[in-house]
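So in the working numbering, spot 273 of the sequence shown is number 299, and the numbers just go up one at a time.
Since the hints were derived computationally from the structure, they do not count as laboratory data. As the structure is a prediction and not an experimental result, all values here were calculated from the model. Beta carbons are placed, not taken as given, at the ideal position from N, Cα and C, and that holds for glycine. Wrong hints could be hidden among the right ones.
To be verified - Simulated DEER-style distance windows between Cβ atoms:
#1 E275 - D101: 55 to 63 Å
#2 R323 - A203: 21 to 29 Å
#3 G351 - A150: 24 to 32 Å
#4 R255 - D388: 52 to 60 Å
#5 A152 - R337: 57 to 65 Å
#6 R337 - Q121: 54 to 62 Å
#7 A95 - E251: 26 to 34 Å
#8 T265 - R323: 48 to 56 Å
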Amino acid sequence: MRLNGSALGMVVVCCLTLAQWLAHTVRAADIVHMTNGQTMSGIVREESESYIVLQVGTGSITLPRARIARIERGDDASHERIHELWRERNWLQAQHVPPGFEELATKVRMVSARRTEAMRARTAMAADVAASRRQEDHARTLYRRLTEAASMLETLDPLNEPIRYNETVVEHNRLRAELALLAAEQPDTNRREVERSQRIHAYHQALLDARAAQTAMKTQGPLSEDSERFLARADEMLTRFDEEFSTEEIPVEQEAGGLLVTALINGRAHGRFLVDTGAFGVILTHAFADQLGLDWRALPTSSVILADGTRVQARSLRLESVQVGRFRVPDVHAAILPSAGKAHTDGLLGMSFLRHFNMTLDGQSGRMVLREFDPQRP
Numbered sequence: 027m028r029l030n031g032s033a034l035g036m037v038v039v040c041c042l043t044l045a046q047w048l049a050h051t052v053r054a055a056d057i058v059h060m061t062n063g064q065t066m067s068g069i070v071r072e073e074s075e076s077y078i079v080l081q082v083g084t085g086s087i088t089l090p091r092a093r094i095a096r097i098e099r100g101d102d103a104s105h106e107r108i109h110e111l112w113r114e115r116n117w118l119q120a121q122h123v124p125p126g127f128e129e130l131a132t133k134v135r136m137v138s139a140r141r142t143e144a145m146r147a148r149t150a151m152a153a154d155v156a157a158s159r160r161q162e163d164h165a166r167t168l169y170r171r172l173t174e175a176a177s178m179l180e181t182l183d184p185l186n187e188p189i190r191y192n193e194t195v196v197e198h199n200r201l202r203a204e205l206a207l208l209a210a211e212q213p214d215t216n217r218r219e220v221e222r223s224q225r226i227h228a229y230h231q232a233l234l235d236a237r238a239a240q241t242a243m244k245t246q247g248p249l250s251e252d253s254e255r256f257l258a259r260a261d262e263m264l265t266r267f268d269e270e271f272s273t274e275e276i277p278v279e280q281e282a283g284g285l286l287v288t289a290l291i292n293g294r295a296h297g298r299f300l301v302d303t304g305a306f307g308v309i310l311t312h313a314f315a316d317q318l319g320l321d322w323r324a325l326p327t328s329s330v331i332l333a334d335g336t337r338v339q340a341r342s343l344r345l346e347s348v349q350v351g352r353f354r355v356p357d358v359h360a361a362i363l364p365s366a367g368k369a370h371t372d373g374l375l376g377m378s379f380l381r382h383f384n385m386t387l388d389g390q391s392g393r394m395v396l397r398e399f400d401p402q403r404p
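Based on the provided sequences and hints, a complete structural model is requested.
Set out below in structure tokens:
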């Protein structure tokens, strides 16, 4: 690649940080002094009367001779030290992967990419919860005003107070339309939240796949020094990522074809909840909502889809917290129904709680495994 003057200037600026870092880190590299006073460090790989090719990390740059004042040449030993440094920094690049380890390298690179997506999804999920909370607060305000408008219509005489009556009718219809619009937006909100959760699940699965591949490679007979070093680096990275997941096994009960867990709601009362990945929110029965002291009868209704696909009207609210084992999730979307469909249960534990975790259910062993992704854990 040959560069004109302006393009060369841009490349020099982009590479300057790495070049300066190399100049300070490794002594006796090939140091190119430019006519504009800047310097670049690397290894001269090719040169002619009109240009030189300088290798910098995993890439290279072509520099015109006319813009080079002088070159300080390093020796072979210093070049080898630089190559070793580049291998350490870029060990997952294809040219540094030992033969036979290409699949593992691909999986480890996938883990790194999935982790970036999971971190973004985790940040977005927090924003989703805040937006959903604002939306539900707005819905409650609209529902209260709608109730007030309906009560006023019952007291107004359209013949004696036609103007006020008509204004109230218009306001009543406007509030109903706005509530309907909010309800129509809820499926899209739910879908986005599920998609965010799936990205974290995809990251954890990629981590499991890479760990399995790394373990399998360890069993392959005698390995070269480069292969051992590559496996050690992969193990170090995957272990660091593993430590960002907190795991707990939760005891479950089998009853009436379902699995039940104990959950602490709002830090006040424990209930027995049926684990239901088909339910978007946490469902509380009327009786358990009363036990919690929730003033739910004045709440607006919303459409809820149950696991069997049935759509029902329920009272919607947000719980202060839901805790299963030591995992506590604040500000959880919930709905209140007359019953949860199973006798002797206080509700359903749906995805508004479960989406925060990678979950594994094993009814035969009587356990549910929850894994929480928290990259900020010490």
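Each hint tested on the structure:
Checking the proposed 55 to 63 Å range against E275 and D101 shows it holds: the Cβ atoms sit about 59 Å from each other. Checked against the hint of 21 to 29 Å, the pair R323 and A203 passes, with Cβ atoms roughly 24 Å apart. Between G351 and A150 the beta carbons are some 26 Å apart, a value that agrees with the proposed interval 24 to 32 Å. Between R255 and D388 the Cβ separation comes to about 38 Å, which falls outside the hinted range of 52 to 60 Å.
As the Cβ distance of A152 to R337 is approximately 29 Å, the hint placing it in 57 to 65 Å is violated. Taking 54 to 62 Å as the suggested C-beta distance range, the pair R337 and Q121 conforms, at roughly 56 Å. Checking the proposed 26 to 34 Å range against A95 and E251 shows it is violated: the Cβ atoms sit about 41 Å from each other. Checked against the given bound of 48 to 56 Å, the beta carbons of T265 and R323, roughly 52 Å apart, stay inside it.
Comparing the model with each numbered hint stated earlier shows that hints 4, 5 and 7 do not hold.
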